[in-house]
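Protein chains: 2
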Amino acid sequence: MSYFDVASAAPLHPVARQALQASLDEGWADPARLYREGRRARLLLDAAREAAAEAVGCRADELVFTSSGTRAVHDGIAGALAGRRRVGRHLVVSAVEHSAVLHSAASHEGDGGSVTEVGVAREGAVSVSAYAGALRDDTALACLQSANHEVGTVQPVAEVAQACRDAGVPLLVDAAQSLAWGPVAGDWSLLAGSAHKWGGPAGVGILVVRKGVRFAPQGPADERESGRAAGFENIPGIVAAAASLRAVRAEAAAEAVRLRELTDRIRARVPELVTDVEVVGDPVRRLPHLVTFSCLYVDGESVLHGLDRAGFSVSSGSSCTSSTLTPSHVLRAMGVVSEGNVRVSLPMGTPESEVERFLEVLPEVVGGVREKLGAPVAAAAGTAEAVTVDALGMSCPLPVIELARAIGGVRVGGTVTVLADDEVAAVDIPAWCWTQKQEYVGERAADRGVAYVVRRLR
Amino acid sequence: MSYFDVASAAPLHPVARQALQASLDEGWADPARLYREGRRARLLLDAAREAAAEAVGCRADELVFTSSGTRAVHDGIAGALAGRRRVGRHLVVSAVEHSAVLHSAASHEGDGGSVTEVGVAREGAVSVSAYAGALRDDTALACLQSANHEVGTVQPVAEVAQACRDAGVPLLVDAAQSLAWGPVAGDWSLLAGSAHKWGGPAGVGILVVRKGVRFAPQGPADERESGRAAGFENIPGIVAAAASLRAVRAEAAAEAVRLRELTDRIRARVPELVTDVEVVGDPVRRLPHLVTFSCLYVDGESVLHGLDRAGFSVSSGSSCTSSTLTPSHVLRAMGVVSEGNVRVSLPMGTPESEVERFLEVLPEVVGGVREKLGAPVAAAAGTAEAVTVDALGMSCPLPVIELARAIGGVRVGGTVTVLADDEVAAVDIPAWCWTQKQEYVGERAADRGVAYVVRRLR
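As they're listed, the protein sequences go chains A and B. Residue numbering for the first sequence follows the working numbering, starting at 95 and increasing by one per position. Residue numbering for the second sequence follows the working numbering, starting at 95 and increasing by one per position.
These are computed hints drawn from the structure, not numbers from a lab. Glycine included, C-beta positions come from ideal geometry on N, C-alpha and C. Do not rely on the hints blindly, as some may be mistaken.
[Stated by the list, open to error] Reference listing, derived: stretches of chain B covered by chain A, where coverage requires no fewer than 3 residues with Cβ under 8 Å from a Cβ of chain A:
# : stretch
1 : 195 to 206
2 : 292 to 306
[To be verified] Part of the chain A face toward chain B, derived, beta carbon under 7 Å:
# : residue
3 : Leu106
4 : Leu118
5 : Tyr129
6 : Ala189
7 : Ser198
8 : His290
9 : Gly325
Can you build the whole structure from these sequences, using the hints too?
Written as structure tokens, this is what we have:
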């Protein structure tokens with residue numbers, strides 16, 4: 095089995111396992127108690143805080159341990175917004191943040207606050223000027239991920255942090271995807287991370303609030319973790335989290351070079367091995383271990399099952415692999431193809447041979463799904479002026495397959511109109527046009543569903 | 095070392111350790127993913143939920159795992175209050191709930207809700223009729239612990255649950271202290287528990303919401319745990335929690351008998367071995383493993399340090415052992431002595447010999463502290479009609495020591511007035527009178543501090 099989904103969760107690092115087991119005997123007692131067992135637990139907790147703070151690049155008294163990265167994000171955003179409530183209730187986020195950030199933003203809006211989502215370019219990054227332009231006099235907080243969790247694009251955090259400083263707005267960085275690789279550069283104000291993303295155990299997150307940042311913890315009071323993370327501390331987990339962060343950092347520089355070569359190989363070879371593929375995300379400013387591509391004319395779920403049977407565990411931002419049946423908001427915001435989407439995120443230590451085997455297996459898996467779905471091979475030289483295709487009731491990737499088949503029947507300059515009621519079509523038909531170098535004319539409401547109009551250019 | 099503070103945190107049960115280690119390899123992946131590692135994690139999570147639900151006495155789909163007992167309480171109360179917001183915003187709690195419940199209540203009040211605290215008798219239990227009388231037409235939720243965490247008194251949960259049913263109000267039971275000993279009887283609606291109290295790992299709580307109970311999770315949305323507990327699941331911890339709950343339940347019946355005998359011994363022997371002691375809590379309706387007593391004329395911190403040096407880890411509800419320098423709200427609500435308070439809570443398996451050694455050591459430790467503080471030995475036959483003692487600027491236990499010294503100087507029927515500005519005196523002077531069978535006349539504001547008036551009766 096090759097596990098290529100470290101962006102969801104990393105297997106426990108051996109150092110984390112050792113630290114966890116060692117601290118089960120010493121770290122179970124209440125660190126607030128003054129007796130021997132409590133003092134030992136407190137020593138472990140203090141040492142873990144020092145180690146984690148050093149790795150993050152902050153003071154120990156700026157860092158608290160939460161019960162997950164999600165909690166760090168939720169509680170960090172809520173506390174920072176409340177701390178600056180007098181300034182205003184405006185929140186700025188990028189459109190490609192993790193759902194933990196976007197759900198916090200939705201909750202803030204539901205509570206009467208206002209939110210600006212800063213869009214991204216096709217490679218997935220915000221522009222610094224667009225981000226700076228979204229900051230207002232009443233902006234209480236801005237949020238930006240260090241790197242995107244679905245496509246690996248690194249955000250211009252240091253530059254955005256400077257723009258936020260200039261505007262007097264604190265910046266919260268969701269660093270969940272990048273902390274294994276190094277500290278976050280720039281003059282940010284708050285930072286959130288998640289141990290199970292770097293090889294630490296589940297159940298541990300970190301929240302950093304720089305000295306001087308106004309912060310008012312929300313929810314019922316609790317004395318633990320400076321009042322910023324309620325509940326009895328999970329000290330063995332915390333010790334394992336801190337120890338494994340140091341351990342992965344020691345490996346990071348060498349592994350970054352090695353894994354970047356392997357993901358570069360995937361970026362280059364997949365379009366050679368599989369037709370009609372869009373590799374997404376920034377080719378250069380990206381995480382070393384993560385690569386995402388979308389294969390036209392297949393559904394992500396079938397590809398994932400095929401790869402799973404072949405021994406590869408990957409994830410997908412396709413609608414059919416989501417419980418809400420909507421495509422990834424990241425791919426949507428980037429305007430890239432979401433159907434047949436595959437995210438490969440390599441754990442540190444992944445052997446080259448596994449990546450080579452993945453490249454061997456992938457064409458067969460995608461080809462098999464395409465054959466079953468009757469995907470088009472190449473566009474014929476058609477003669478019709480305008481063709482309408484009824485894809486009502488069909489779901490991803492079938493409307494795009496219908497479009498690709500029909501385009502062969504019209505002359506260059508002619509149009510295909512696709513009637514579809516699957517909302518994914520709104521993402522994937524324009525994205526298909528972009529990848530296929532056809533013109534996306536536009537969409538309009540139809541009697542049933544939406545009519546998408548495409549002009550054949552070649 | 096003898097660790098006698100299992101009510102704070104239990105050492106990890108051997109079964110929890112085994113289950114944790116075994117599931118580190120199988121339980122680290124995202125249980126929402128469809129590949130092999132995800133499916134294995136999901137199987138572990140589902141099995142743990144079944145096991146925990148069986149032990150609690152609920153359906154598996156009524157139970158979610160939270161990141162701590164505190165979170166289960168906070169989120170359970172917030173969700174239940176929001177779910178019944180149309181009914182009203184009134185919350186009923188007992189005066190001796192855990193701080194997690196009382197902090198939730200304070201947060202609810204801060205947010206415009208109303209709260210009724212139901213008082214307790216001197217033994218620490220609410221009366222069913224008083225509790226029922228606090229329920230109103232606009233009561234959204236009622237909370238009652240299964241047993242008290244500081245004195246061990248078992249609450250009449252089944253009867254209160256019935257009164258709540260009759261009034262159409264859901265009852266949330268904080269079962270943190272009792273789940274090791276068995277399921278909570280009665281027709282309750284919600285229940286919270288904490289794994290590290292029963293020998294499971296830190297970082298795992300449980301929240302049960304019975305089918306049909308209106309519940310609206312608060313805070314940002316999150317898909318995990320039916321939307322009721324945000325953040326990536328800590329599956330190894332959850333597996334260990336469920337396994338250890340089953341394991342301790344298998345030992346509970348026999349250990350309950352054995353530990354009850356040992357705590358009965360402490361209840362009976364401590365007042366024989368140490369003068370001026372009040373054993374608090376209900377002598378019969380109580381947890382088997384927990385006993386609390388208060389020693390007059392000593393401060394809790396010195397007693398704890400003395401016991402720690404002698405190899406015993408216990409805790410205290412005295413003001414001097416609290417970060418807020420206020421005595422335990424539980425002891426205050428019961429009207430019992432808080433100074434020199436000692437809570438002994440025995441882990442399952444505690445050998446009889448350790449309890450015997452504790453009984454040997456305790457008189458020396460208390461005697462040593464009393465000697466240092468100059469505590470009174472016995473009241474002389476005084477002649478004065480009225481004496482005033484200036485204890486301004488003195489902190490617990492000194493004002494009570496001054497009182498006890500002065501009472502020897504007045505005749506039977508005469509009075510001692512103590513001037514004190516330590517707020518603990520308001521709890522401990524009346525409680526001293528009760529234990530010493532003297533009359534507490536009352537208090538009044540003085541030029542500085544408060545004047546407490548006591549009449550000598552014997």
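These are the hints, each one checked on the structure:
no. : hint       : verdict
1   : 195 to 206 : holds (count 4)
2   : 292 to 306 : holds (count 5)
3   : Leu106     : 5 Å, holds
4   : Leu118     : 5 Å, holds
5   : Tyr129     : 4 Å, holds
6   : Ala189     : 17 Å, violated
7   : Ser198     : 4 Å, holds
8   : His290     : 6 Å, holds
9   : Gly325     : 3 Å, holds
Going down the numbered hints, you'll see the structure goes against just number 6.
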